[in-house]
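Student: In case you want the letters, here they are:
2 protein chains.
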Amino acid sequence: MKLSTKGRYGLKAMYDLAIHFGDGPIALKNIAERQRISDHYLEQLVANLRKAGLVKSVRGAQGGYMLAQPPERITVGDIIRTLEGPLGPSDCVLEEDATSCENAECCVTRVIWEKIRISISDVIDSITLQDMVEDYHKMKNKDHYMFYI
Amino acid sequence: MKLSTKGRYGLKAMYDLAIHFGDGPIALKNIAERQRISDHYLEQLVANLRKAGLVKSVRGAQGGYMLAQPPERITVGDIIRTLEGPLGPSDCVLEEDATSCENAECCVTRVIWEKIRISISDVIDSITLQDMVEDYHKMKNKDHYMFYI
DNA sequence: ATGAATTCCAATCATTTCACTTGGGATTGA
DNA sequence: TCAATCCCAAGTGAAATGATTGGAATTCAT
Numbered sequence: 000m001k002l003s004t005k006g007r008y009g010l011k012a013m014y015d016l017a018i019h020f021g022d023g024p025i026a027l028k029n030i031a032e033r034q035r036i037s038d039h040y041l042e043q044l045v046a047n048l049r050k051a052g053l054v055k056s057v058r059g060a061q062g063g064y065m066l067a068q069p070p071e072r073i074t075v076g077d078i079i080r081t082l083e084g085p086l087g088p089s090d091c092v093l094e095e096d097a098t099s100c101e102n103a104e105c106c107v108t109r110v111i112w113e114k115i116r117i118s119i120s121d122v123i124d125s126i127t128l129q130d131m132v133e134d135y136h137k138m139k140n141k142d143h144y145m146f147y148i
Numbered sequence: 000m001k002l003s004t005k006g007r008y009g010l011k012a013m014y015d016l017a018i019h020f021g022d023g024p025i026a027l028k029n030i031a032e033r034q035r036i037s038d039h040y041l042e043q044l045v046a047n048l049r050k051a052g053l054v055k056s057v058r059g060a061q062g063g064y065m066l067a068q069p070p071e072r073i074t075v076g077d078i079i080r081t082l083e084g085p086l087g088p089s090d091c092v093l094e095e096d097a098t099s100c101e102n103a104e105c106c107v108t109r110v111i112w113e114k115i116r117i118s119i120s121d122v123i124d125s126i127t128l129q130d131m132v133e134d135y136h137k138m139k140n141k142d143h144y145m146f147y148i
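Protein sequence lines correspond, in order, to chains A and U.
With the first letter of the first sequence counted as 1, position 132 gets the number 131 in numbering that gives the first Met the number 0; the numbers rise by one all the way through.
With the first letter of the second sequence counted as 1, position 77 gets the number 76 in numbering that gives the first Met the number 0; the numbers rise by one all the way through.
None of these hints come from the bench; they were simulated from the model.
Copies of the same chain are indistinguishable here, so a pair counts whether it falls within one copy or spans any two.
Cross-link-like lysine to aspartate or glutamate pairs, in silico, EDC-like; alpha carbons within 16 Å at most:
hint, residue 1, residue 2
1, 5, 77
2, 114, 90
3, 1, 95
4, 1, 83
5, 114, 130
6, 114, 94
7, 5, 90
8, 114, 134
9, 1, 96
Using the sequences provided together with the hints, build the complete structure.
Tutor: Okay, here's the thing in structure tokens:
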């Protein structure tokens, strides 16, 4: 019941881009260093985020990535779903493409999985990158010697 | 972000035992047939549930398993945690043995994982096997030709 | 113009996890 | 006594995970 590194690294990278929103393109190498992620691996994740329209890229020297929309318009759910696929603790309750089960109508355990799925969705859909940026600024004020992560 | 079959099959089996609570020992073979699970695989799961004190066994012919406590005293969370280990979308927020991260204090993404973990716990800790048995009886009344799953 | 920095793309790979299966031994009721 | 059951340990094939490798294309700075 864990998220894979795709979702975890991906959110870190998007958070990093949100902190630097408006600063022009940010090179993947810098994000990978700050967040301590293999840059080649991060590249694969960001490729998916780009295809999903969440980031845009600038090629060539001094190129990099930036959020395709302002931080308040991108939710944690947008990012996690892009990288992990449709959510749900069981295939029979996935947000999309739920595996049809002939007994879905009378499956008592299914009701549980659905509740879990909804509770997770509620959390991730209610948090935007802007919320995270604000958390960052609060933390920065408390302990001014710490850099964000 | 899925539960493994351990948690899913395990909950089905415990639900089956809850339906038959008070009927004496239920053979694993019967549970496996009704729930359409490999019986040898289920055996491994039930072994863990027994070690955790959630079921008790009767050996020999006409033996089987039964809930060690009444259905209202066993939660979905008890079962899932026994079979899947401590919950959490990331190692850094596991219910037990959270991997200590030197930056935990100032990690903004960690806050998200914690919220997800709590929302899942809230769901699974609030549902008992008795709740599921009641769901079963409601469904049975609606469509009396259907057996539970 | 050139070259360094960067994104883009495709393939490969080692390890781990998953979901079982296999093969038996121990216990007990009929 | 034997069939049914629980108990136990090990093995296994397939898939997923989390990368690494190697290079092509693009662009800015000089």
